[in-house]
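Let chain A serve as the given structure and place chain B on it in line with the hints.
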Amino acid sequence: MVAYYRPGRLSEALAMLADAPMTVAAGCTDLFPATERRALSGTVLDLTAIAGLRGIAATADGLRIGACTTWTDLLAADLPPAFDMLKQAAAEVGSVQIQNAGTVGGNLCNASPAADGVPCLLALDAEVELASAAGHRRMPLAGFLTGPRRTALTGGELLSAVHVPRAAMQGDSRFLKLGARRYLVISIAMVAARLSVDSGRIAEAAVAVGACSAVARRLPALEAVLRGAPAADAPRLVRPDLVAPALAPISDVRADAAYRHEAAAVLVRRALAGLIPAGVPA
Amino acid sequence: MNRPVDLLRLTVNGRDHALPVAPGRRLSEVLREDLGLRGTKVGCDAGDCGACTVLLDGAPVCACLTPVAQAAGRSLTTIEGLSGNKLSPLQQAFHAHGAAQCGICTPGMLMAATALLRASPHPTRAEAEAALGGVLCRCTGYGSIIDAVVGAPAPIAAGSGVGQPVARLDGIPKVAGTEVFGADVAPDDALSVRAIRSPHAAAGFAFGDIDGWIARQGGGLQVFTAADIPGENRFGVIPDCADQPALAETAVRFRGEAVALLAGAADRVEAAALGDFPVTWSPVPALVDARLAPGAPPLHAHRPGNLLIAGRVRTGDAEAALAASAHVAEAEVETGFVEHAYIEPEAGAAWLEGETLVIRACTQAPVLDRDSTARVLGLPPDRVRIIPTAAGGGFGAKLDLSVQPLVGLVALKTGRPARMVFTRSESMAASTKRHPGRMRGRIGIDAAGRVTGMTFDGDFDTGAYASWGPTVAVRVPVHASGPYRTPAYRAEARALHTNNPVAGAFRGFGVPQAAVLQETLYDDLALSAGIDRLEFRLRNALRDGDRSPCGQVLHGVGIAECLEALRPHWRRALAEAGAAPHRGVGVASCWYGCGNTGLPNPATVRVGITADGRLRLHQGATDIGQGANTVVTQLCAEALGLPAERFELIGPDTALTPDCGKTSASRQTYITGKAAMLAGAALRARILALANTGPDARLSLDGGRLRATDARGGREIALRDLPADANGYVLGAEERYDPPTGALDADGQGTPYAVYGYGAQMAEVAVDPELGTVRVLKMTAAHDLGRVVNPLLAEGQVRGGIAQGLGMALMEEYVPGVTENLHDYLIPTTGDMPEIEAIFVEKPDPEGPMGAKGLGEHVLIPTAPAILNAIRHACGARLTRLPALPHRVRAAIRDAEGAP
Chain A
1 MVAYYRPGRL
11 SEALAMLADA
21 PMTVAAGCTD
31 LFPATERRAL
41 SGTVLDLTAI
51 AGLRGIAATA
61 DGLRIGACTT
71 WTDLLAADLP
81 PAFDMLKQAA
91 AEVGSVQIQN
101 AGTVGGNLCN
111 ASPAADGVPC
121 LLALDAEVEL
131 ASAAGHRRMP
141 LAGFLTGPRR
151 TALTGGELLS
161 AVHVPRAAMQ
171 GDSRFLKLGA
181 RRYLVISIAM
191 VAARLSVDSG
201 RIAEAAVAVG
211 ACSAVARRLP
221 ALEAVLRGAP
231 AADAPRLVRP
241 DLVAPALAPI
251 SDVRADAAYR
261 HEAAAVLVRR
271 ALAGLIPAGV
281 PA
Chain B
1 MNRPVDLLRL
11 TVNGRDHALP
21 VAPGRRLSEV
31 LREDLGLRGT
41 KVGCDAGDCG
51 ACTVLLDGAP
61 VCACLTPVAQ
71 AAGRSLTTIE
81 GLSGNKLSPL
91 QQAFHAHGAA
101 QCGICTPGML
111 MAATALLRAS
121 PHPTRAEAEA
131 ALGGVLCRCT
141 GYGSIIDAVV
151 GAPAPIAAGS
161 GVGQPVARLD
171 GIPKVAGTEV
181 FGADVAPDDA
191 LSVRAIRSPH
201 AAAGFAFGDI
211 DGWIARQGGG
221 LQVFTAADIP
231 GENRFGVIPD
241 CADQPALAET
251 AVRFRGEAVA
261 LLAGAADRVE
271 AAALGDFPVT
281 WSPVPALVDA
291 RLAPGAPPLH
301 AHRPGNLLIA
311 GRVRTGDAEA
321 ALAASAHVAE
331 AEVETGFVEH
341 AYIEPEAGAA
351 WLEGETLVIR
361 ACTQAPVLDR
371 DSTARVLGLP
381 PDRVRIIPTA
391 AGGGFGAKLD
401 LSVQPLVGLV
411 ALKTGRPARM
421 VFTRSESMAA
431 STKRHPGRMR
441 GRIGIDAAGR
451 VTGMTFDGDF
461 DTGAYASWGP
471 TVAVRVPVHA
481 SGPYRTPAYR
491 AEARALHTNN
501 PVAGAFRGFG
511 VPQAAVLQET
521 LYDDLALSAG
531 IDRLEFRLRN
541 ALRDGDRSPC
551 GQVLHGVGIA
561 ECLEALRPHW
571 RRALAEAGAA
581 PHRGVGVASC
591 WYGCGNTGLP
601 NPATVRVGIT
611 ADGRLRLHQG
621 ATDIGQGANT
631 VVTQLCAEAL
641 GLPAERFELI
651 GPDTALTPDC
661 GKTSASRQTY
671 ITGKAAMLAG
681 AALRARILAL
691 ANTGPDARLS
701 LDGGRLRATD
711 ARGGREIALR
721 DLPADANGYV
731 LGAEERYDPP
741 TGALDADGQG
751 TPYAVYGYGA
761 QMAEVAVDPE
771 LGTVRVLKMT
781 AAHDLGRVVN
791 PLLAEGQVRG
801 GIAQGLGMAL
811 MEEYVPGVTE
821 NLHDYLIPTT
831 GDMPEIEAIF
841 VEKPDPEGPM
851 GAKGLGEHVL
861 IPTAPAILNA
871 IRHACGARLT
881 RLPALPHRVR
891 AAIRDAEGAP
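Chains as they are written, first to last, in the working numbering: chain A, 1 to 282; chain B, 1 to 900.
Keep in mind the hints are simulated off the structure, nothing from the lab.
Be a bit skeptical, because a hint or two may be false.
With the Cβ distance kept under 8 Å, some of the chain A side facing chain B (calculated, not the full set) [as the list claims (entries may be wrong)]:
| no. | residue |
| --- | --- |
| 1 | Pro7 |
| 2 | Val24 |
| 3 | Cys28 |
| 4 | Phe32 |
| 5 | Gly94 |
| 6 | Ala101 |
| 7 | Arg181 |
| 8 | Tyr183 |
| 9 | Ile186 |
| 10 | Arg236 |
Where a beta carbon is used, it is the ideal one built from N, C-alpha and C, also for glycine.
Okay, chain A solo, but in the shape it has when bound (with noise of 0.2 Å):
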């Protein structure tokens, strides 16, 4: 049977998958790709006619990015620095038309290794909201991310927001993504990076590395060494030992797994420097 649904409300999209299970479709920059057919196959329910579904809002604990909300929406937000690092990804994203068109909630539930939102959100301490008929709940999204093309979605469930708690909002922030081309490029690797410095001290650091895993890593390790150095030390306490432990690349077309290694260890450290506040004595 092929039936496309395009509901207007959650609550008839949530009683439509509580019936059968469908592909959930909003930007379907993932899915067609993933077929030559000349149309999305099986039953389809697509959420981009849901309004509530798209957009950015502050709440009461943060900031809530529906499912639905494209690249270019997040480009366009007036967001905190400690976004900047999401909204730089976002750039990254495929190429304009991509980003006109692929959501937020569509590239953490495609959860590949190289998705582009991810380490942004891992290191912003994003959650996820996942709607069912049955209610809502809430997880962090490294416990979401399952592994790759895995997530923690069960029957009858969909993503519905990220949320970003108001102490991840602190700082600023920085994105690095290598390739080997310019624009519309899968990541070899990708680092994603968020200082708050207080009087020239780190008060917190989140670090996350992308491509270079099954599924993006936070860098704790390192976190910890970094929370109460001073900022002009940030690039310099990036040492292979901080970064490798928590990485388990592969060797693919792109690159060998030695060097995404090194090329992860690289990145943290350019990025980190990216963010010394200026008159901060290196």
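For chain B alone, coordinates are given in the frame of chain A:
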């Protein structure tokens, strides 16, 4: 299943449509197939190429990734909506800048650029590059496109004579979106054709119950296999080596080889469960490493050791010369498969007109297509008519048959029109590739830095079938010396079969690979001799009157002039690189013989005037974006003495136009251009004789009136009073030109080509030593064209060839089964291309038309070695394997740092 499909409402270019389409259908399909708006092109169906870019509420999206349901109720703009009665200023700028070469990416580029210009009317180059970063172009190198978008001044032609930057004569449809490419030919009620292809590189196979499978699909389908082929199931570009079946018979030799065809109404074919198709595969171990080919069981029984062919050129005693040399450099270099990655996947249609099978498809070789298809289908050649569509890029791979015998078979068997469009992965798996080379070489110099001798041994992986393997094996030894005096020389090249993709023709026929080895060795030699690398090349450059390693005395040799033209740039670049860390400069040269190697390859051009005063040129050189339609016409026009824009072009339709040979081997400007010049001159002579005027008479053709005017006054020729010839012309001429070449002997001695072109390029790069990434900052390219027929189109060739050379150097590597798409197989984007400065040298060739030489392939050859030499200059990294991906550069830097 039987419930009526709801009507979907779309607003396209201001017009409302209500369509009974499935909501999950790709918008690109609905636009092209349901609304007939075929200006929107499809290159990949995956968002990787951007050719299908349309504006949805003003924002660019990929139509191939948009379910039509999401476009409903919104405002949609396609290329057809950009121009009303006249082209938009942006379309005009694209035309004037030569920003559309083949034209397949042009609609996507125009749509993305239109969105940018609405938001930002005066963008910077960087903004334009970012906005167009999602649209791939394989022809232009992007520079002319960015020029058009930022509103740079366009070159202005003073008339249309030879030497003028005339905008392409066939260019308006490309920017208007009305050009017809292979997938745009859709006869009414055409059967849709799909191929069943092998997932294995080597396997036997047997079919099961095909009728039962068709019944399970609900009927309405037909399946054709090799058993249905009425003729000889073998084709190949070189008749003596033809070995490739149109449909495999009992075994496949490479992944992606077709074994059966499915034909039916498009929706039936689309719905068919191909995964259940009743074919049983019996995989056998595949030969994928060409090094093992000589000892492996032969793929073709009559080619022991899997040796397709070996080529050799030998002069003097190279070993003795090397032994006596002051310095000898030695290296081994390895290159991989490179994919042509034209944005247009192979496509076309066939139908019967009476007894004649008509095939319209994208191609570079219409007469070869006709003869090969006729042989496969058991028809006499005059019962097959090939009408080429525009080719959305070719670069060599559209010389081989693709859809032609397949749609031809279905049309012949069913009596109905048949249409086939390859998917991107199908195109990449089934089409030919650049030959991977494993090359070893040694070059020696004397104490004065003069080359004494060279040896070269290259093994080229020619894949499963012959294709152009013989040409590569013959061409490489002729060219492996580079354009340098090499008194003692031994070069051998072998084409070896494997179960890898068929390696065929790709811009340069193996010479770009060989140049990587030779030109990097030249840097070794210059360094060991302590000579500036550019001056070292000049010291050894061939000069007029020198003999090539084939023993041919050369004339019109422009390599020294090219290197000299680079000299001021070289000095500037060296100074700049010396002042900044990790910057490097490299130089490399090329030479390339135009036309077939030591074989006849004529072109015949017909030109004529009708009784009502129409001037027609039968221009049989397929224009695949390089500009033959314009350049060949300019040469004819110049010889005739009437302006190029007065000509009506009759294209390479095999029923209408004499054979001009294949668009390959950089031969069309030279060979077809020469035939066109001779035809133009012959027609002029007839006119002048009729008018009884002197040789300097001025011709005019206006309102059906042909006049010849000289110092004694004007004479009008009464065209209507003249009898028409068999072709319908009252005044006509037809001229054939075949280059004066001679066959090579066993040592490769002879006259392989009548004309050579020369060039030298300089690369400036910045290397990130920690990451191994390379940014090419500038390419300066000096090419000897003999005579620049059209500087606008010539510059387009230079920029586009450099883009492909840069891709080959830094990112392109085709791995069967792994990179069969345009996101794992990377070609350069707008953001990867440097500034390119083209310098044209005109050292006339005595044989070329008005002195002109070929250019199309030359421009790619020096790029990769120049970049590799610049990387080495920047950081010491010596790359011996292409492409120079970041991890390979990083490893080479580490090796260089560890070296004593």
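Hint status (Cβ of A/Cys28 to nearest Cβ of chain B, threshold 8 Å): holds (5 Å)
Hinted contact A/Val24 with chain B - closest CB pair below 8 Å: Check failed: Cβ of A/Val24 comes no nearer than 13 Å to chain B, outside 8 Å.
Given hint A/Phe32 near chain B, where the shortest CB pair must fall under 8 Å: This interface hint holds because 5 Å falls under the 8 Å limit.
Residue hint A/Arg181, partner chain B, criterion CB-CB below 8 Å: holds (5 Å)
Residue hint A/Ile186, partner chain B, criterion CB-CB below 8 Å: Holds. Min distance 6 Å.
Evaluation of the interface hint that places A/Tyr183 against chain B, nearest CB under 8 Å: holds (3 Å)
Interface hint compliance - A/Arg236 to chain B, C-beta minimum distance less than 8 Å: violated (15 Å)
Minimum beta-carbon distance criterion (8 Å), A/Ala101 to chain B: holds (5 Å)
Interface hint compliance - A/Gly94 to chain B, C-beta minimum distance less than 8 Å: holds (6 Å)
A/Pro7 as chain B interface residue, shortest Cβ-Cβ below 8 Å: Violated. Min distance 12 Å.
When each numbered hint is compared with the structure, violations occur for hints 1, 2 and 10.
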